[in-house]
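Visitor: Listed here are the chains, written in short residue letters.
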Amino acid sequence: KQEVTQIPAALSVPEGENLVLNCSFTDSAIYNLQWFRQDPGKGLTSLLLIQSSQREQTSGRLNASLDKSSGRSTLYIAASQPGDSATYLCAVGDTGFQKLVFGTGTRLLVSP
Amino acid sequence: KAGVTQTPRYLIKTRGQQVTLSCSPISGHRSVSWYQQTPGQGLQFLFEYFSETQRNKGNFPGRFSGRQFSNSRSEMNVSTLELGDSALYLCASSLDGQGAYEQYFGPGTRLTVT
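Protein sequences appear in the order of chains A and D. The letter at position 61 of the first sequence is residue 61 when you use the working numbering, and the numbering goes up by one with no holes. The letter at position 67 of the second sequence is residue 67 when you use the working numbering, and the numbering goes up by one with no holes.
Just chain A, with the same shape it has in the complex:
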């Protein structure tokens, strides 16, 4: 059974810092890995999708890497801003039919 863990559970940083969020998964036979952000009481916003054959994806200040063999992914956020404050979730595509297994999330607070 696939299990996804995110460390740290919470992170508080001052504005402008670069930061790394970690995600690990137990079964390396994944289809893809997707990073989301969730604002309080809201749905999920997709940030980046990495296919199992890819090593990294970039979008603006975000860069996500994937190392299937070690069961790890990282989300790098450059020059953090207060608007980046949210819960960040990683999710592993576990089968061919769109089943995502989610981690428990990292709650990020960026202070001005």
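Please keep in mind that the hints were generated in silico from the structure rather than gathered at the bench. The structure presented is a predicted model; accordingly, all values stated were derived computationally and were not measured. Be aware that one or more of the hints could be misleading.
On the chain D side, residues computed to face chain A include the following (Cβ under 10 Å) [claimed, not checked]:
| id | residue |
| --- | --- |
| 1 | Gly-3 |
| 2 | Gln-6 |
| 3 | Thr-7 |
| 4 | Ser-31 |
| 5 | Val-32 |
| 6 | Leu-43 |
| 7 | Asn-56 |
| 8 | Leu-90 |
Reference excerpt, derived from the structure (chain D facing chain A, CB under 10 Å, subset only) [as the list claims (entries may be wrong)]:
| id | residue |
| --- | --- |
| 9 | Val-4 |
| 10 | Arg-55 |
| 11 | Leu-88 |
| 12 | Cys-91 |
| 13 | Ala-92 |
| 14 | Asp-96 |
| 15 | Tyr-104 |
| 16 | Pro-107 |
For every residue, glycine included, the Cβ atom is placed at its ideal position computed from N, Cα and C.
Using the hints provided, position chain D relative to the given structure of chain A.
Guide: Showing chain D alone in chain A's frame:
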């Protein structure tokens, strides 16, 4: 292009009642998945539909059911509601039923069972 829409956004029901939630995917998307989010269990997969067929099902009791229509809109139904069913129910859509495509989530339906 309009995003994934879910109705209603908020719902209050009493234990023992049943409820139907609706999800309209992004135009052109044929796969719709449902997830339950609670503070204790996090986000858990309920089921996935593609071309009106349930392709995958999570570990939930039979009180949770769903269906998909020919226009790809989907509904999920929960019968005999329990207090523990209080949660945010999220629907996601993607282009295809295979695991290669990005999933886009709706804003969710907040269900409260009293």
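Visitor: For every hint, state whether the structure bears it out.
Guide: Hints, one by one, checked against the model:
Contact between D/Gly-3 and chain A, as hinted, is supported at the beta carbon level, the nearest pair being about 9 Å apart and thus within 10 Å. Interface hint at D/Gln-6: satisfied, since its Cβ lies 8 Å from the closest Cβ of chain A, which is below the 10 Å cut-off. At about 13 Å, the closest approach between the beta carbon of D/Thr-7 and any beta carbon in chain A exceeds 10 Å, and the interface hint on this residue is violated. Proximity of D/Ser-31 to chain A holds as hinted, the smallest CB-CB distance being about 5 Å (cut-off 10 Å).
Below 10 Å, beta-carbon pairs count as interface contacts, and D/Val-32 has one with chain A at about 9 Å; its hint therefore holds. Hint status for D/Leu-43: holds, given a least beta-carbon distance of 4 Å to chain A, under 10 Å. This hint holds: D/Asn-56 has a C-beta 4 Å from the nearest C-beta of chain A, less than the 10 Å allowed. With 10 Å as the threshold, the beta carbon of D/Leu-90 comes within range of chain A, its nearest partner Cβ sitting at about 6 Å, so the hint holds.
Interface restraint check for D/Val-4: the shortest CB-CB distance to chain A comes to about 8 Å, inside 10 Å, so the restraint holds. Because the closest C-beta pair between D/Arg-55 and chain A is about 4 Å apart, less than 10 Å, the hint holds. Restraint check, D/Leu-88 versus chain A: the minimum CB separation of about 8 Å is within 10 Å; hint holds. Taken as an interface hint, D/Cys-91 checks out: its beta carbon lies about 9 Å from the nearest beta carbon of chain A, inside 10 Å.
Proximity of D/Ala-92 to chain A holds as hinted, the smallest CB-CB distance being about 8 Å (cut-off 10 Å). Because the beta carbon of D/Asp-96 sits about 8 Å from the nearest beta carbon in chain A, less than 10 Å, this interface hint is met. Look at D/Tyr-104: its Cβ gets to within about 6 Å of chain A, closer than 10 Å, so that hint holds up. A distance limit of 10 Å between C-beta atoms decides the matter here; for D/Pro-107 the minimum to chain A is near 4 Å, and the interface restraint holds.
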